[in-house]
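2 protein chains.
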Amino acid sequence: MNKKELYQLILKKKSFLCVGLDTDIALIPKHLLAYPDPVFEFNKAIIDATKDLCVAYKPNVAFYESMGVKGWESLEKTMNYLELFKDEVFTIADAKRGDIGNTSKMYAKTYFEWLNFDAVTVAPYMGEDSVTPFLGYHDKWVILLGLTSNKGSADFQFAESEGLKLYERVMQRAQKWATEDQLMFVTGATHPDAFSNLRKIAPHHFFLVPGVGAQGGDMEQICQHGLNKECGLLINSARNIIYASGEKDFDDAAGKAALELQSQMVKFLNGKVAE
Amino acid sequence: MNKKELYQLILKKKSFLCVGLDTDIALIPKHLLAYPDPVFEFNKAIIDATKDLCVAYKPNVAFYESMGVKGWESLEKTMNYLELFKDEVFTIADAKRGDIGNTSKMYAKTYFEWLNFDAVTVAPYMGEDSVTPFLGYHDKWVILLGLTSNKGSADFQFAESEGLKLYERVMQRAQKWATEDQLMFVTGATHPDAFSNLRKIAPHHFFLVPGVGAQGGDMEQICQHGLNKECGLLINSARNIIYASGEKDFDDAAGKAALELQSQMVKFLNGKVAE
Numbered sequence: 001m002n003k004k005e006l007y008q009l010i011l012k013k014k015s016f017l018c019v020g021l022d023t024d025i026a027l028i029p030k031h032l033l034a035y036p037d038p039v040f041e042f043n044k045a046i047i048d049a050t051k052d053l054c055v056a057y058k059p060n061v062a063f064y065e066s067m068g069v070k071g072w073e074s075l076e077k078t079m080n081y082l083e084l085f086k087d088e089v090f091t092i093a094d095a096k097r098g099d100i101g102n103t104s105k106m107y108a109k110t111y112f113e114w115l116n117f118d119a120v121t122v123a124p125y126m127g128e129d130s131v132t133p134f135l136g137y138h139d140k141w142v143i144l145l146g147l148t149s150n151k152g153s154a155d156f157q158f159a160e161s162e163g164l165k166l167y168e169r170v171m172q173r174a175q176k177w178a179t180e181d182q183l184m185f186v187t188g189a190t191h192p193d194a195f196s197n198l199r200k201i202a203p204h205h206f207f208l209v210p211g212v213g214a215q216g217g218d219m220e221q222i223c224q225h226g227l228n229k230e231c232g233l234l235i236n237s238a239r240n241i242i243y244a245s246g247e248k249d250f251d252d253a254a255g256k257a258a259l260e261l262q263s264q265m266v267k268f269l270n271g272k273v274a275e
Numbered sequence: 001m002n003k004k005e006l007y008q009l010i011l012k013k014k015s016f017l018c019v020g021l022d023t024d025i026a027l028i029p030k031h032l033l034a035y036p037d038p039v040f041e042f043n044k045a046i047i048d049a050t051k052d053l054c055v056a057y058k059p060n061v062a063f064y065e066s067m068g069v070k071g072w073e074s075l076e077k078t079m080n081y082l083e084l085f086k087d088e089v090f091t092i093a094d095a096k097r098g099d100i101g102n103t104s105k106m107y108a109k110t111y112f113e114w115l116n117f118d119a120v121t122v123a124p125y126m127g128e129d130s131v132t133p134f135l136g137y138h139d140k141w142v143i144l145l146g147l148t149s150n151k152g153s154a155d156f157q158f159a160e161s162e163g164l165k166l167y168e169r170v171m172q173r174a175q176k177w178a179t180e181d182q183l184m185f186v187t188g189a190t191h192p193d194a195f196s197n198l199r200k201i202a203p204h205h206f207f208l209v210p211g212v213g214a215q216g217g218d219m220e221q222i223c224q225h226g227l228n229k230e231c232g233l234l235i236n237s238a239r240n241i242i243y244a245s246g247e248k249d250f251d252d253a254a255g256k257a258a259l260e261l262q263s264q265m266v267k268f269l270n271g272k273v274a275e
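Residue numbers (the working numbering), protein chains in the order written: chain A, 1 to 275; chain B, 1 to 275.
Hints are computed from structural coordinates only; laboratory data are not their basis.
Model, not experiment: these values are computed from the prediction.
Hints may contain errors.
As the list makes no split between identical chains, a pair holds if one copy fits it or if it spans any two.
[To be verified] Simulated crosslink set (DSBU-like; lysine-lysine; CA at most 30 Å straight-line):
(1) LYS51 x LYS267
(2) LYS77 x LYS248
(3) LYS51 x LYS13
(4) LYS105 x LYS248
(5) LYS248 x LYS109
(6) LYS105 x LYS30
(7) LYS109 x LYS44
(8) LYS51 x LYS30
(9) LYS267 x LYS229
(10) LYS109 x LYS70
(11) LYS109 x LYS30
(12) LYS44 x LYS70
(13) LYS13 x LYS77
(14) LYS165 x LYS176
(15) LYS151 x LYS200
(16) LYS109 x LYS229
(17) LYS70 x LYS105
Could you build the full structure based on these sequences and the hints that come with them?
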């Protein structure tokens, strides 16, 4: 999916919601444990309940990896299921990978060939040759960490050198490596004051915005300063949607939670985005 | 394994060699493809041929991940095999993970509980709370990226802020988060001139040094400036050892390549390290 297609999808669904599939077997409803693959059953039901209300899904790879080989099987099944809706949803592997060239190439193979994600999150510390192996795929995206949502973002990302904070340097330099159809940035919702500046650095790029909800970010502020003419935002919500209920009605509850966010998004889209 | 035990192991084996298990099914000898799990057969033979000559093994997780579920099975089997030599080798998951707290906790579970590695490499961009979840395990280690071996290390790691380059800031600050028994740094062999400085910043920590061999780093220079009184270096070699021959004699050839490096190490140990 390229940038234009993603934007068309956002207009069609009137949503720029990304549902985070941070599926933890310890937190899913107990009745699902009777299934051969409880994690996949959970994901499938969440997808069925939310797919008309969101434009993207973001499985958090750590949650699957931590369950061993079975976890990777659950992720593979989830991606096979999402493949059925390939034109209706954008898929993001939240993996935060990045290594020397020959190794990043292997990670790209994992997410873009084996699992056929549209995008993968990548950590920038190792620089250009750790990112470029992910850029050799048609209609596939790198979502590079810019300014992250966690408390530790303050440890290094604000370190200023030659007039540029580290996250600004990362976002400026990465634009030399990739086109706007290949590159997004992670910009945490917990830094609402930074969004005007983030938009100055990357006016036309999509931002993947985690941290709304459980981590405390405020959607209204983010939209006010973060939206651009082609929307330019994918706002992620995980725990607030997928764990809206811990009982048998978990999928209905997830649908309602997604609808609530999507309803808020409609007004921002109407106000800000060119149709 | 704690720091003292690792140092004792180095003295006993007269080696600070780490063998990188960057096992690529496209590069292993063709006769192995007849086995049900060629990657594991290869690793097992490499381990048998080198385990008296090295103190550590470092599977590069990307290579296994890229092979799908089967790849994770090969990694699991490799770790089960290494478990037989638990007191004789230190095991490192080269994974370059790091994410917000609840997610890093899942990665820690993967490498320290499921696969029972002694150490995992972690990327520092997201700061303290992305690293600390790995520090809650007895005798388990974080190996944090300091100055990496690749060309892209120049993109951000040298950015200077308030008198400190980014890699210096990372290495200084991380020492507040963890003891010398929990924390090592990745310091690339392709920056030999930086090693005196790296030792000033972290005089007593172990450094994991990739980049000798295929990437061009020179062991003599690294040892001259990098060794400390408890050795303090784990020098990694992957391709030069594991692909020393592409034929049926690959394990013998790997043993010979490891012996060559270990023989060089003996003289540095005799000259520099207190027994």
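Quick rundown of the hints versus the structure:
In this assembly of identical chains, the alpha carbons of LYS51 and LYS267 lie at most 30 Å apart only when taken from the same copy (20 Å versus 64 Å across copies). Proximity of LYS77 to LYS248 under the C-alpha cut-off of 30 Å is restricted to the intra-copy arrangement: shortest distance 22 Å within a copy versus 38 Å between copies. For the identical chains of this complex, LYS51 and LYS13 are intra-copy neighbours only, at 10 Å inside a copy versus 58 Å across copies, given an alpha-carbon limit of 30 Å. Taking the shortest alpha-carbon separations for LYS105 and LYS248, only the inter-copy value of 28 Å comes in at or below 30 Å, while the best intra-copy value is 42 Å.
Taking the closest pair of Cα atoms, LYS248 and LYS109 come within 30 Å of each other only across two copies (28 Å); inside a single copy the shortest separation is 37 Å, beyond that limit. Taking the shortest alpha-carbon separations for LYS105 and LYS30, only the inter-copy value of 22 Å comes in at or below 30 Å, while the best intra-copy value is 39 Å. Taking CA atoms no more than 30 Å apart as the test, LYS109 paired with LYS44 passes in both settings, with 25 Å inside one copy and 25 Å between copies. For the identical chains of this complex, LYS51 and LYS30 are intra-copy neighbours only, at 23 Å inside a copy versus 45 Å across copies, given an alpha-carbon limit of 30 Å.
Taking identical chains as interchangeable, the C-alpha atoms of LYS267 and LYS229 lie at most 30 Å apart only when both belong to the same chain, with a minimum of 14 Å there against 65 Å between chains. Proximity of LYS109 to LYS70 under the C-alpha cut-off of 30 Å is found in both arrangements, the shortest distances being 20 Å within a copy and 14 Å between copies. Taking the shortest alpha-carbon separations for LYS109 and LYS30, only the inter-copy value of 22 Å comes in at or below 30 Å, while the best intra-copy value is 35 Å. Taking the shortest Cα distances, LYS44 and LYS70 sit within 30 Å of each other both inside one copy (16 Å) and across copies (23 Å).
Within a single copy, LYS13 and LYS77 get their C-alpha atoms as close as 25 Å, which meets the 30 Å cut-off; across copies the closest is 46 Å, which misses it. In the homo-oligomer, the alpha carbons of LYS165 and LYS176 lie at most 30 Å apart both inside one protomer (17 Å) and across protomers (23 Å), since each shortest distance falls under that limit. Within a single copy, LYS151 and LYS200 get their C-alpha atoms as close as 23 Å, and across copies as close as 29 Å, so both meet the 30 Å cut-off. Taking the closest pair of Cα atoms, LYS109 and LYS229 never come within 30 Å of each other, the shortest separation being 33 Å inside a single copy and 42 Å across copies.
Taking the shortest alpha-carbon separations for LYS70 and LYS105, both the intra-copy value of 24 Å and the inter-copy value of 18 Å come in at or below 30 Å.
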